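Visitor: Residue numbers (the working numbering), protein chains in the order written: chain A, 205 to 438; chain B, 205 to 438.
Think of the hints as simulated: they come from the structure by calculation, not from any bench. Model, not experiment: these values are computed from the prediction. Using N, Cα and C, we set each Cβ at its ideal position, and we do this for glycine too. There may be inaccurate statements among the hints.
[Unchecked claim] Output of the computed footprint for chain B on chain A, the stretches with three or more beta carbons under 8 Å from beta carbons of chain B:
1) 334-340
2) 345-351
3) 402-416
Protein chains: 2
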Amino acid sequence: MTLRALVFDVFGTVVDWRSSVAREVAAAARRIGIETDGLALADAWRAEYVPAMDRVRRGDLPWTTIDVLHRAALDALLPRFGLAALDEAARQALNRAWHRLDPWPDSVAGLRRLRHCYTLATLSNGNVSLLANMAKQARLPWDVILSAELFRHYKPDPEVYDGACRLLDLPPGQVMMVAAHNGDLHAAAARGLATAFVARPTEYGPTQTRDLVPDRTWDVVRTSFAGLADALGC
Amino acid sequence: MTLRALVFDVFGTVVDWRSSVAREVAAAARRIGIETDGLALADAWRAEYVPAMDRVRRGDLPWTTIDVLHRAALDALLPRFGLAALDEAARQALNRAWHRLDPWPDSVAGLRRLRHCYTLATLSNGNVSLLANMAKQARLPWDVILSAELFRHYKPDPEVYDGACRLLDLPPGQVMMVAAHNGDLHAAAARGLATAFVARPTEYGPTQTRDLVPDRTWDVVRTSFAGLADALGC
């Protein structure tokens, strides 16, 4: 079946959240005269992500955006990192670090190539405004911003993958999910989407153990968006 | 209040649906050896638009996309224009004329300027895939595709304007509705959005009588997107 659209996981697949957040954490700490381990806080912050979304997915929390989940996690973590003194304005600004994540070095050039051949959309658990702000700052050339927020379901709920195909008005076999996470691809494949695994072996730092390799035969397996474009003949 | 985002009506405000649809109608007719008045069919087709949406807005029809409403109207109109012989493939292709509308001459350059200063989004009754396909073909530089389809309400229902502000995560006073239609601006203003009227005096052809001038004091009144950018100091 002819592929028409590529939908991308964003955090970790398109952008390097860990380095970006760590840098902003360290800068915010320095502004109040404190040295802290930005990478450790970034890792701890990100570790709150899945359990927080799972509370929404189970219905323990009503629909709550990632911006709001991030902020609650940040407030809970700051004391442990000696940063309880960060005031409201500084916390708001730091929470928006997730709107300003740097792309991996190959992301923008690869997306520019792929955009000539396909409709490119995000398909992220990040809220729409976060993804739009990030795209504007990082010059990510999306055709459409699709987000869990539009479906009020977080990945890997099937409603997200089904909803993306419905809004793109394409059968799932004409839509390819691109992700650095096997779990995302399993969920997409279960809804009939094509799959591309792009390895990001330092997303969680130099000692990463998860998602280093595909755990099943995906349609495409590469290590960069340039490689993805090559594989798709684009 | 600082303006952060501009949301645009699309049909008539950004693109010239009448000339574009008329051209495709005439071409489709010629392919089956028939001369027809493309402009008259375009006008009749567009005239079905508001009553069809109103059936959805009143709840007489369940949620139905513009693509589907357009197709039903086309099937009903073709016999009157001597085009009952158009086959299924030709009808499908002609219905997609609405995905390939040409921008007004000032649209793309004006949007490119405005994009440096603001987040730019569609806020159209067109479905997401229609707007995305149109943007890709016409090179409309949107940051976000927002559509009535996301809210399952058609303009001028308040849910559309409220939903746009919620997804952009902005208070309505930081969002400006840009439209060539006074009715759209009345509805946007009632929800607290800023308003810009951009006159498109030939949208309905050379004898247009409606929406030639603002019918109330909008925040900005201009006759092109270049004029809008000038007015906003962008």
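Visitor: Evaluate each hint against the coordinates.
Guide: Right, here's what the structure says about each hint:
1. Given a C-beta distance limit of less than 8 Å, the hint that chain B covers the segment 334-340 of chain A holds, as 4 residues qualify and 3 suffice.
2. Taking a C-beta to C-beta cut-off of 8 Å, the segment 345-351 of chain A contributes 3 residues in contact with chain B, enough for the three needed, and the coverage statement holds.
3. Check on the segment 402-416 of chain A: 0 of its residues sit with their Cβ under 8 Å from a Cβ of chain B, so the three-residue criterion for coverage is violated.
Violated hints amount to a single one, hint 3; each of the other numbered hints is respected by the structure.
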